[in-house]
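**Q** Produce the entire structure from the sequences given, and follow the hints as far as they go.
Residue numbers (this note's numbering), protein chains in the order written: chain A, 1 to 231; chain B, 1001 to 1302; chain C, 2001 to 2258.
Certain hints may be false.
[As the list claims (entries may be wrong)] Derived SDA-like pairs (lysine to any residue); straight-line CA-CA distance at most 25 Å:
no., chain 1, residue 1, chain 2, residue 2
1, B, K1021, B, P1040
2, C, K2071, A, R86
3, B, K1227, C, E2139
4, C, K2126, B, G1169
5, B, K1137, C, K2226
6, B, K1137, C, D2121
7, C, K2126, B, L1180
8, B, K1137, C, D2147
9, B, K1147, C, M2087
10, C, K2226, C, S2042
11, B, K1147, C, H2073
12, B, K1030, B, S1141
13, B, K1137, C, R2084
14, C, K2150, B, P1040
[To be verified] Below, a sample of chain A positions facing chain C; criterion: calculated Cβ distance under 10 Å:
no., residue
15, F14
16, T15
17, L16
18, N18
19, G21
20, N25
21, K62
22, P106
23, A120
24, W146
These are calculated hints, taken from the structure and not from any lab test. Since the model is a prediction, treat every value here as computed from it, not as a measurement. Ideal placement from N, C-alpha and C gives every residue a C-beta, glycine not left out.
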Amino acid sequence: MTTMLEARSLRKTFTLHNQNGVVLNVLDHVDLDLAAGEMVILKGPSGAGKSTLLRILYGNYKPVAGAVRLRHDGEMVDIVGARTSRVLDIRRRTLSFVSQFLRVIPRVSTLDIVKDPMLARGVGDAEATERAAAMLTRLNLPKQMWGLAPATFSGGEQQRVNIARSFVDPTPVLLLDEPTASLDPINRDIVVELIEATRKAGSAMVGIFHDDAVSSRIATRVMQLSSRKAA
Amino acid sequence: MTQPPKHDPDYNYGYLDEATKRMLRRSLLKAIAIPGYQVPFASREMPLARGWGTGGIQITAAIIGPDDTLKAIDQGADDTTNAVSIRRFFARVTGVATTEETTKASLIQTRHRIPEEPLRDGQILVYQVPLPEPLRKLIPSESETRKIHAWAEYGPIYVRLYEDIAQYGEVTSTYSHPILVNDRYIASPTPIPKFDNPKMHMSPALQLFGAGREKRLYAIPPYTKVKSLDFEDYPFTLQRWDEPCALCGSTTSYLDEVIINDANERMFVCSDTHYCETRRGEGHEGPQLTKAQSVHLTGSAP
Amino acid sequence: MIEQAPLLRVQNVTRLYGGRVGCRDTSFNLWPGEVLGVVGESGSGKTTLLRSLAGFEPPDEGTIHFRRGEKDHDIYALDEANRRAMMRTEWGMVHQNPRDGLRLDVSAGGNIGESLMARGDRHYGKMRARVTDWLQRVEIDSSRIDDSPKSFSGGMQQRLQIARVLVAEPRLVFMDEPTGGLDVSVQARLLDLLRVLVRDLHLAAIIVTHDLAVARLLTDRLIVMKDGHIIEEGLTDQILDDPHHAYTQLLTSAVLSA
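**A** Set out below in structure tokens:
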């Protein structure tokens, strides 16, 4: 199987300079290998660093030590040391992060939000519109809402817009931070099906899911993180 | 042509001292060498206020020779106070002959007009310039306008033309329409009517410009290209009048509108008084000549 | 992906300002199409740095190279005429106060048109069409084309200024607090407009701001300045979500949500 992502000896501490310089040790010597078609579920008690690890894999947090290599355009690229524009290119075409929160951009309509990643990858406008419409329909977002900016939508509606955006044209690697949290059972099942289909289509995924029923349905592997104490 | 009293020996020839005249001639040579470029000079106090033609007068004073014949016009007229005073001034401080006839003059000092009669080789036209910097209204800084001229960054000057077309559908400024001299420097044609702009192009006469208050002079040598700025789709055009000169019937000269009585009656007459008189002398007659004579508008005594 | 050369190379730039240090020993690169944010509190040297980069004030030390064609040009080693030509064609500056970037006694259309005339356009009709197009792009009703910018609101003036800069098709735009002085609802519209324009035109930009929400929305990469120094630099979301330096932590914790 193709290795899509490998993390080596990740170490992460947070130094809180404005709180008497407290140093939090969150991750130490964490390794992770991820192949195409895999879904690795991160498990561990609160504070074990699940979200931190996910954010490091995305380049959002900077590890104190270690490397995160990602298959991008056929070669393994270290995202930790890569130039900003390289990281952004990786995020545009290879790597995405799906949380339960949608970052609302003023005045941009729901349909445009969902189309945006496809347009950025060079998909034509007509095709992008068609695929976005299909995805929004599948996620039970009524057509009247498509032309509106989601700022006024409910949390669950915003969450589904975000999922539509992430799964309409999924990247080879997806990082999922509780994307199904607080969805009603019907919509949660739809999202779970989406995730399953995407994985089977070849995407590699790392995810955090608190709902054990969900995680046991979709996991191909579980990775346990243990809690660490403050130094 | 009138022979004036002799040069008043209480004044140096040409009023200015010799060192000042040399300084002016050096600046003029530089100005002629770089057509359209504004050359700074040490403007002197003259016996009239700055802004009343002291730039033109200083140039004339620096170049006038005993063999010259001087004509002075103000808005085209030889007979206004200013024109008469300047002629008398130079007659007194140089003793040269003066004239109202364009063809007979070797040196013509003018405020705001170019004579209708075509100029010829060897003549010199000296303009009095109030504001030598065509960009000043848009760009207040002198150091900035100098850079713009130095590097021919002439975009901003077109804003004025753009604004005219945008607001009025055409370029409405009828005077002081900026010119590009010798394909290089943009210059102010002084506030001559834009009607006169084409006369500057390839003129056989040497054209000198002096701004006494602003301490700048510039020149257009004989047979130099002078282009009035325009847009490709809004070419430079001249203003036209619906009627001929009321006095001489000319249809090709620049006309002034004159109100002739308290009943708000008006007529259009040649701004170039000598030209108009000459034509009338040749027997040309405008539609309202008789009426004009009744209100003493014909200038010369009957 | 082909490795491009940086569009702008800033090396060891120091600029003293009124006896105090504006920015000290500052170095970074900017790549084509990249949007860089410069954040830090007032007086940290942001605007001083921007003015040096944009060609207005030479640094006291260090060099700034701009890439045109296949060649890097040290912009302060160029003679002034060439530097000004580059300032007209290669980059533009959006000032915090639109009055500094507009001619208020010239119509809205004239303000945009001047940038075209400056690069040699001499066809009124064609210019007029481009000006109209740009007014629409910055969401100003084209019926206002001949109105004075004095009659515009602050937000409209700022959008007009942006059109005046972008119509010249620069590859790099400098913006000094582009949303400063505007009320919040007007800011949002302007930000969205900038976001779309920067993306569609593939512009590189350097945006000075003290507003972290602006930085988050518009920029790819952030530089954090304090007392004239760059103290932290990286991917915008990484700097905002995982700030390392004490000052950056203070800055990010001071906002409710960016």
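**Q** Compare the structure with each hint and give your call.
**A** Now for the hints, and whether the structure bears them out:
| no. | hint | verdict |
| --- | --- | --- |
| 1 | K1021/B with P1040/B | holds, 14 Å |
| 2 | K2071/C with R86/A | holds, 23 Å |
| 3 | K1227/B with E2139/C | violated, 38 Å |
| 4 | K2126/C with G1169/B | holds, 15 Å |
| 5 | K1137/B with K2226/C | violated, 42 Å |
| 6 | K1137/B with D2121/C | holds, 21 Å |
| 7 | K2126/C with L1180/B | holds, 23 Å |
| 8 | K1137/B with D2147/C | holds, 19 Å |
| 9 | K1147/B with M2087/C | holds, 14 Å |
| 10 | K2226/C with S2042/C | holds, 9 Å |
| 11 | K1147/B with H2073/C | holds, 21 Å |
| 12 | K1030/B with S1141/B | holds, 24 Å |
| 13 | K1137/B with R2084/C | holds, 21 Å |
| 14 | K2150/C with P1040/B | violated, 36 Å |
| 15 | F14 | holds, 8 Å |
| 16 | T15 | holds, 7 Å |
| 17 | L16 | holds, 7 Å |
| 18 | N18 | holds, 6 Å |
| 19 | G21 | holds, 8 Å |
| 20 | N25 | violated, 15 Å |
| 21 | K62 | holds, 6 Å |
| 22 | P106 | holds, 4 Å |
| 23 | A120 | holds, 8 Å |
| 24 | W146 | violated, 18 Å |
Hints 3, 5, 14, 20, 24 from the earlier list are contradicted by this structure; the remaining hints agree with it.
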